[in-house]
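Chemist: As they're listed, the protein sequences go chains U and H. Here the first sequence stands for residues 1 to 401, where the numbers follow our numbering. Here the second sequence stands for residues 1 to 401, where the numbers follow our numbering.
One or more of the hints may lead you astray.
For chains that are exact copies, the list does not tell them apart, and a pair is met inside one copy or across any two.
Heads up, simulated BS3-like pairs for lysine-lysine below, C-alpha to C-alpha not over 27 Å straight-line [what the hints assert, rightly or not]:
| no. | residue 1 | residue 2 |
| --- | --- | --- |
| 1 | 63 | 127 |
| 2 | 356 | 63 |
| 3 | 60 | 127 |
| 4 | 285 | 53 |
| 5 | 191 | 53 |
| 6 | 330 | 286 |
| 7 | 220 | 356 |
| 8 | 286 | 324 |
| 9 | 324 | 241 |
| 10 | 221 | 60 |
| 11 | 63 | 191 |
| 12 | 235 | 285 |
| 13 | 324 | 356 |
| 14 | 356 | 60 |
To be clear, the hints were calculated from the coordinates, so they are not data collected in a lab.
Number of protein chains: 2
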Amino acid sequence: MSLIVQKFGGSSVRDAQRVLNVARRVATVFDQGNKVVVVVSAQGDTTDDLIAKAMEINPKANKREMDVLLSSGEQISIALLAMALESMGYPAKSLTGWQAGFVTDSTHGNSRIRRVETERIENELDKGNIVIVAGFQGLNRYDDITTLGRGGSDTSAVAIAAACRADLCQIYTDVDGVYTADPRLVSGTRKLSEITYDEMLELASLGAQVLHNRSVEMAKKYNVPLEVLSSLEEKPGTVIKEVAKVEKMLIKGVAKDDEVTRISIIGVQDIPGIAFQIFSALAAKKVNVDIILQSVGRNETKDITFTVADSQREDALAVVEGLKGTLRAKGISCEGVTKVSVVGAGMESNYGVAAKMFEALSEASINIQMIATSEIKISVLIDREDGLRAMRVVHEAFFAT
Amino acid sequence: MSLIVQKFGGSSVRDAQRVLNVARRVATVFDQGNKVVVVVSAQGDTTDDLIAKAMEINPKANKREMDVLLSSGEQISIALLAMALESMGYPAKSLTGWQAGFVTDSTHGNSRIRRVETERIENELDKGNIVIVAGFQGLNRYDDITTLGRGGSDTSAVAIAAACRADLCQIYTDVDGVYTADPRLVSGTRKLSEITYDEMLELASLGAQVLHNRSVEMAKKYNVPLEVLSSLEEKPGTVIKEVAKVEKMLIKGVAKDDEVTRISIIGVQDIPGIAFQIFSALAAKKVNVDIILQSVGRNETKDITFTVADSQREDALAVVEGLKGTLRAKGISCEGVTKVSVVGAGMESNYGVAAKMFEALSEASINIQMIATSEIKISVLIDREDGLRAMRVVHEAFFAT
Chain U
1 MSLIVQKFGG SSVRDAQRVL NVARRVATVF DQGNKVVVVV SAQGDTTDDL IAKAMEINPK
61 ANKREMDVLL SSGEQISIAL LAMALESMGY PAKSLTGWQA GFVTDSTHGN SRIRRVETER
121 IENELDKGNI VIVAGFQGLN RYDDITTLGR GGSDTSAVAI AAACRADLCQ IYTDVDGVYT
181 ADPRLVSGTR KLSEITYDEM LELASLGAQV LHNRSVEMAK KYNVPLEVLS SLEEKPGTVI
241 KEVAKVEKML IKGVAKDDEV TRISIIGVQD IPGIAFQIFS ALAAKKVNVD IILQSVGRNE
301 TKDITFTVAD SQREDALAVV EGLKGTLRAK GISCEGVTKV SVVGAGMESN YGVAAKMFEA
361 LSEASINIQM IATSEIKISV LIDREDGLRA MRVVHEAFFA T
Chain H
1 MSLIVQKFGG SSVRDAQRVL NVARRVATVF DQGNKVVVVV SAQGDTTDDL IAKAMEINPK
61 ANKREMDVLL SSGEQISIAL LAMALESMGY PAKSLTGWQA GFVTDSTHGN SRIRRVETER
121 IENELDKGNI VIVAGFQGLN RYDDITTLGR GGSDTSAVAI AAACRADLCQ IYTDVDGVYT
181 ADPRLVSGTR KLSEITYDEM LELASLGAQV LHNRSVEMAK KYNVPLEVLS SLEEKPGTVI
241 KEVAKVEKML IKGVAKDDEV TRISIIGVQD IPGIAFQIFS ALAAKKVNVD IILQSVGRNE
301 TKDITFTVAD SQREDALAVV EGLKGTLRAK GISCEGVTKV SVVGAGMESN YGVAAKMFEA
361 LSEASINIQM IATSEIKISV LIDREDGLRA MRVVHEAFFA T
């Protein structure tokens, strides 16, 4: 008998029909002789509706109260899903975050899970129940309700799977797995049957948007096998684990991120400590820097270029403008660009990958502004208008059959 | 410094404007130097909307899951009211039923409060917070969410007032106090400034519909002064307490209940144990019997008549039909009637009250079918079509100026 944790997002339970559909999916896995814990999000637009209610009363609503408000959304979903399973004759019991034993830190609106006290979940499983748990929420040490922030329900599911040593954590979404590139943008993509945690982390952070990184990081830490699959169609998805089956594919996927800002500080003095000054000032303002490039010094000056998410552009520029005088910089430039990346655990030992990528871009007359590499990925920055075309030609180069 | 518990119903918080209005009422009492605990119900139609969601999925939904579902309604209200108070600069903290320490029995959908563990509420009050508590809900010994059933939020407020030894428990409603009769039906009614618990209990059970009996019974048990007042207008309401000021009024009010079914079992044998058979069978089916009348036996048979609420008519008839053979009854009759009652703690020592009531009905040519009296009330059963007129003439007889 295996223990399987399943997670269904808000669109999967947005109305009665969908809730009943999810119940059928859960029942199938239960009927196969498995113990099942199901994590659900708030229905469809519930969270947005609740936020609108709060805004009408207090646009600067206290985060503690926001958590009390928003956590009611999943409380509704869990009750409805339990009712749906019971209407089909299955024993089900719903548990809120605090009933399920989620202990978090006290950062309202964006809490971290400290631990899951699994006694209640395990008792209910031992009684033969399908356990339905409210995702996205927990309780802090003051007995106050907290929420986990973006990707919270995925993280809830992985945390339960880790704490209960589940055999598999299935994340049901509106896509049916992880593809070699976003199928809505690129033709000829292929679904991967397996992928490693690290590859998935790179793809997620590069804009593949299948799973939130927090949940993948936690799955990697506790070695929980994840499966991403469709909540609508019954077919296998993509399994994410420590070591993936070798599939004769060096490259697992091509990803594109359009929300990248490139900032250059031009003509700063070429003396030690300059980079430290810039990047510690950015860190102090909680700006996450992605790629960093420093030109080779000439005439005693150099250029320092880095990228941040578009959402942090203003914060980053404010820091850099503030340092301009101290650095005696000649100028600052800032541009919105696109990052296209290829990801694959095997590429570090194969120099042909970079060459193949650059060749494809060159043949399409796409200019590369910057290049960054890691053990499992190669990223290039290009003009935003070339983004989609770049993704397609690179995918074609690696995956054309 | 006094401690005041205030309770606001669902219509008082049905939209953002009303929530802000309630916040202003709470703030006024807080500004007068009082500690304040506020109990709120779910907004407007929220409970009905949630019930509809459940019905769509499972018309016979499990009561435990129904409680999980419905309790989310008050969780939304408490967060919104806390946000409203904070937007006005007041320190407020919301607590769900389980956070506020409500321990109930395990009857899902209609739980009884066992106790309120007031530590959390008192800590928050000591920190200077206005405490906002979700009414209608608690937690049983299995850590499952329960709801209190009809009138639950009133009962929650009284329970907190009792446990925290509050100086006053204010119940804000859509009427501004207790009247000598329902002002929507009778002209010339007067608002009472004070009334005893017992008088209020009789008026409530007779259809005055201002407060639910459970809350008044609890207030009486723990001697909590209650005040019923308007959530919309700022003026004093009616105070309900052990001994009310004497107001030269023998009679405190006239009430009417149209949902009464009179059932007669005709011509049963006049032997001992007949009444026991009938009423124990009714009790076994949880039928609440109100008035009972047994005719004097003649020709070795007698008639037994009793009343029940219309909602229990079918259950009561089923019991009686089942007994018909055993009782060798000649027939069963059943009719919907109206009960009109006068209530007042002083009437037991004043026989003039009954005479005055019967005289008024007689002058209006209204036939009395049955009469029942207690220490503080006289009730008559009459044809339903005479109900409103009867209430008016009786009220006129006692309260005409």
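Chemist: Could you work out which of the previously given hints the structure breaks and list their numbers from low to high?
Modeler: When the structure is compared with the hints, numbers 2, 4, 5, 7, 9, 10, 11, 12, 13, 14 turn out to be violated.
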